[in-house]
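Going down the list, the protein sequences come from chains A, B and C. Residues in the first sequence are numbered consecutively from 3, following our numbering. Residues in the second sequence are numbered consecutively from 2, following our numbering. Residues in the third sequence are numbered consecutively from -8, following our numbering.
Do not rely on the hints blindly, as some may be mistaken.
Said to hold, decoys possible - List of simulated lysine-lysine pairs, DSBU-like, C-alpha gap at most 30 Å:
1) A:Lys193 <-> C:Lys47
2) C:Lys48 <-> A:Lys370
3) C:Lys48 <-> A:Lys187
4) B:Lys119 <-> B:Lys49
Claimed, not checked - Covered stretches of chain A (chain C as the covering partner; in silico rule of three or more C-beta atoms under 8 Å from a C-beta of chain C):
5) 12 to 21
6) 42 to 48
7) 170 to 176
8) 222 to 234
9) 237 to 249
10) 343 to 357
11) 437 to 444
Stated by the list, open to error - From the derived model, a few chain B residues whose C-beta atoms are all more than 12 Å from chain C:
12) Thr22
13) Ala29
14) Lys43
15) Glu58
16) Glu76
17) Asp91
18) Lys102
19) Leu109
20) Ala111
21) Ala116
It is worth saying that the hints were derived from the structure and are not from the lab. Everything numeric in this text was worked out from a predicted model, so none of it was measured. All residues carry an ideal CB built from backbone N, CA and C; glycine is no exception.
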Amino acid sequence: MRYLPLSADDRSDMLARVGVDHIDKLFADIPRDKLLDKVLPLPLSKGELEVERMLSKMAARNKAASSGPFFVGAGAYKHHVPATVDHLIQRSEFLTSYTPYQPEIAQGTLQYLFEFQTQVAALTGMDVANASMYDGSTGTGEAVLMAHRITKRNKAVLSGGLHPHYGDVVRTLSEMSNAEVVTLKPDLRAKEDLIAAIDDQTSCVVVQSPDVFGTLRDLKPIADACHAKGALLIAVFTEVVSLGLVTSPGEQGADIVVGEGQSIGNALNFGGPYVGLFATKTQYVRNMPGRLCGETVDAEGKRGFVLTLSTREQHIRREKATSNICTNSGLCTLAFTIHMTLLGEKGLRSLAEVNHANAVMLADKLAKLPHVEVVNEQFFNEISIRLKGDATKIVDRLAHHGIMAGVPAARLFPDQGLDDVLIIANTEVNTDEDRDALVAALKEAM
Amino acid sequence: MGNTHYTKDHEYVRVDGDVATFGITDYAQSQLGDVVFVEVPKVGTHLKQGAEAAVVESVKAASEVYAPVSGEVIEANSALEGAPATVNEDPEGKGWFGKIKLSNQSELAALMNEADYKAYLSTL
Amino acid sequence: MLNRQGRPTTPANDATAVHKTFTGNRALQQIEPLIFEIGSTDQTGVDIDAPAPHHKKLGGLERKNPIGLPGLSEPETMRHYVRLSQKNYGIDSGLFPLGSCTMKHNPRLNEKMARLPGFSDVHPLQPQSTVQGALELMDTLAHWLVTLTGMDAVAMSPKAGAHGELCGLMAIKAAIIARGEEATRKVVLVPDSAHGTNPATAALIHFEVRSVPVREDGTVDPKVVAELAGPDTAAIMLTNPNTCGLFEKDVVAIADAVHKAGGYFYADGANFNAIVGKARPGDLGVDAMHINLHKTFSTPHGGGGPGSGPVVLSERLAPFAPVPFIRKTEEGLQLVEDEAEATKHGAHPFGRMTAFHGQMGMYVRALSYMLSHGADGLKQASEDAVLNANYVRAGLADLMSLPFGNKPCMHEVLFDDTWLKDTGVSTLDFAKAMIDEGYHPMTMYFPLVVHGAMLIEPTESESRASLDLFIATLRDLAIAAKRGDTERFTGAPYHAPMRRLDETRAARSPVLKWTPPLPILEAAE
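Chain A with its partners taken away, still in its complex shape (with noise of 0.2 Å):
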C-alpha cells in the first residue's frame, strides 16, 4: 500500500522492539468478541488510476457550471478564481498544517488570518472579524446565539427574505435550545414590516441583503427600530461580492454581520467547503464564536500573531464557552484572503460593477418578455421573476438543453405559493451569449 511506509520486516521487527508477538496484542483491550477476524465486506486497495478512473466516471455524470450558460444562484455563486489562488492553497505548509496552536512555527497562517479579519471588518464596515465559521448559515445560527447571550432576552425575528436554508439552521438550533423564532412570510417584493414584529423580547432581527429573490434591503430603519427596542440587528449577506459596490452593514447600523464568502476564491463545490465570514463591534468580541488571531511580539520584540481570547473557546471554557466550534474554514478562508488581496479595492469594485451591470442587461431583457415579470426593484446581481407555468418544470425542461436557468423559487419554499418564481443569478462569468440563449430559452419554454 503506497501510503503505508512500513514493510512486513518493519512491521516483526518492531512489534519484537515493543514486547509483543502478534498485532492483536496491541488490540488486547477490545473485546475478543468484537475484534474483527476478517476484512470488512469492501473493495479492496486499488492504484492510482484505478481510484482515478472510477472517481472521473462519476465525475463525469455532473454538469459543470462551466459548460454552458449557467445562472444559478440562492446562496452560492460561480464567480471566475484566478489560477494563482488553487496554487498557492496547496502549498503543503498551508495545505497540511494544523490549528497555529504553535504560533513559532505557524506565523504563515496567523498572519492570513490577521489579513483576513482585517479584510472581513473593512469589507463589512464593522470593527472586528473572526477567523471564520463553517459557511454563512451556521455562521448564522451562532450569530442569534450570541445575540442571545449579549441581551440576555431569547426571540429572534427572521425576515422573510432570509435563505430558508439559514432559516432553518436558526430554528432547528432554537428548537433545541428553548428559544423563540419568529418566521416572517416569504417576502418575494420585499414588503414585509419587520419593524412591527419587534418587541420588548426581541433579541436579534435576522435580515438578508441582498436577500434570497435578490432584492436589496435597506438595514437602516431595521437597524434604528431594533436599537430603540434594546435588539440586535443581525446583517447577514450570501453575496460577499455585493459589498464592493453596496453600502456596508457596519455602515447602516448593523450589530453582528454574518455572511457567506464562498464566491471569493471558492468553487461552488456543491455546497462545501464554504467559508462564513462572522463581523462584530469591539463592545461584543468576548461573547463572539470561533477562533481569533492577534497581534503581539515574541521574545525579541518581533511583530507576531497568536490565537487569542482563547477563554471564549471550547478547549478551555468547555460547557461555558461561547461556542463548540474547533475546526473551521481555515483554507477556504486562505482563498477567500488570497483572492482578496489580488483583486484589492479597485479589482473588488469592478467585479461588483461588472456583475451589476450584468444582471441590468439580463433584467431588461426578460422585462421585455411577454408573460415574464421581475420583481425586484434594487438588487446586485441576482433577480427573481415570475414566469408562466412551472419554474420547476422550465428550468428541468432548459437544463436538458444545456441551460441552467436558475434556481426554482419552490426548491427553497415548497408550498408557499411560488411555484411560478424562478431566481436567476447572473455573475461576470455570464456572457451576452449566455444572457441571450436563456431569454430565448425561457421566450420558447413559456
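Starting from the known structure of chain A, arrange chains B and C on it as the hints suggest.
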C-alpha cells in the same frame, strides 16, 4: 487584621463595618498566571454566598469568582478592565473585584481566618 | 562526525548570533510585511474589463465611502503568500505527532480528484438530474462509513467534528422528545478526559453536563457510569479510544449501563482511526458517532479546516437524521431537502444543520483515500498507527513517565511531566525545544486528567527510520533536561521563524486587525 476572611476557592473578603471588599488571593493569582481579563461584578446585583460574582481569565484559563458573602454589590473595581495585571501585582490591595453590602454577618463565621487559610494552603 | 542515523553528534556552531543581517532576513526566512503595508487600494492583480454602459439599480444603497482594501499585483501576491508559507510547519515538512489530531499523510490524488470540474464546479441547487454522479459519490461514501462502523445510517451534512457532535446530540434530543421525556432527560455524562467540544456541545442545546471521573488506569469505570446514570440521563459522550490513548475496555458494559438507564451512547469518533477495520462501533453499543473525515480519512487539515463530520446513527436514531439525505428511487438518487418531503418517506428529521448538503469537497477526498486503501489497507493503516505509537512508547518509557503504566496504547501514547520534576523544564518548554530539533510538538496539557500531559500520535505515515530518529531526538532532549541543560528548553525555540510569542500581551490589549499608523508628525521647530 482579624477582619479578613478566606474561602476554599481562594477568594478573600475584607470587612469594614457592613461593607465587604472581595477579590482573589495571592495564591489564586499565582496559580492563574498572567491575568488578562476581569469581568467585575455589576453594581446593584444581589449576590448569594457562593454565587458566580465575577470572572477572571488568564491566557489559558478562565475561572469563576464566587461571592464569598451574600449581599448587594455597591461598588465594582472597573479599573481592572483596563489594567488586569493589577490582579497579579496587588491582588489583595488594588486588585480587589467588588464591594458587597453584607446582608448576613453570620456567614463570615463559616470562612477561614488568615491562619486557617495559610494552613489550608500548606495542604494543597 | 555523524552517528549512524546521519545526525551530527555535536550541535553545529551557531553563527547566527554573530552575524546579524542588515535586513533582519535570514536567507530563506524573510520578514514579510502585511498586505496593508505593501499594497495599495489602486493596485490590483486581476484585469477586469470595464462593464458595458448601464443604469444602476441599487436604490439608494450604493457604497459611498472607500473600503480600505489593498491590492497587490500577481507577482507580489505570489511572493507574499509563498513567504508566509515558509513560516509554517506542515505534515509534509516533518513528523507531526499532534495527539488526538491525526496528522497523517494527505495524498495528492485526493486533491486532484476533488478538483475535477464534475465535483468542484457543480452547484448545490442544480437540477438533481444533473448531479447524479455527485449523489452517487455521497451514497458510496455513506456505504463505506456505515460498513466500517457497523451502524444503520449516516447523516452526511455536518461540517466538522464539533458540528457532528451537535448533530448527534440533536438526534438524541429529538428521540427523547419523541418519547415525551424531554422534561426529565437533561443530563449528559462526560468523562473528565473528554475533548472540550463534548461539554460545549451538550451545553449548546441545554443539556446539563455531569462529569464522570476517570479511574486510575485512565479509563471509565462502568460501575461509576451505572451510579451516575438514571432517569435523568439523556446520553453519555465517550471517546473511544479515549484521549489517554487507551481503548475503553469496558465499553460494552458502559453502553449497557447507559441503555439500561434509558439513555443513548454518543461516541466521539475523533480517534476512530485507531480501530478502523479492527472493531465496529455498532458492535459496541454506540447510538451515534461523528467521524472526522479530516482525521481518520486524511482530508487535509488546511491550517484549521475545512473539516467534515458525518454522523453514523443506530437504528433507533436513524429516523431523526437531519435533512438533506439521499433516497434511492427508480429514476435514480434523490436528495430529500425538505422536512415535509422527508416525512412522506417515513423519516422524522430534527431539522437542518447547514445550508445545502455538506462538505462535498471533503467527501471526494475521503472516498479517494478509502478506495486507494481498500478494506484491507484501512485495517493495515490502523494496525500501523497503533504499532508506531507503541514503538515510540517502548523507545521512551525508560526516560519519560507514563501516567497509567507501561502498557500497550492505541494510536497515541500519553506521557505526563512527572519525569520533569525539579528539572526547571516544563512540558511547554520541552515542546518548544522539539521545534528547534525540527519537529512539531506533541499535544500538550491535554487531556486534563494528567499533569503536564504530552500526547504523541505518530500516525501510520511514519517510516521506521523516521520513528527511530524521532525517538533518538526525544531521548537526547530528555537527557539534556535531566542533566540541567535548562536554557535549551526555557528559551526555546531559538531557531524557528519566531521566538516565543507573548500571549499575555495579545490577550490583555487585543489587536485583532491592522489599523493605519497615525500620520507621522513633523518635529516642532
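Violated hints, by number in ascending order, as checked against the structure
8, 11 and 15
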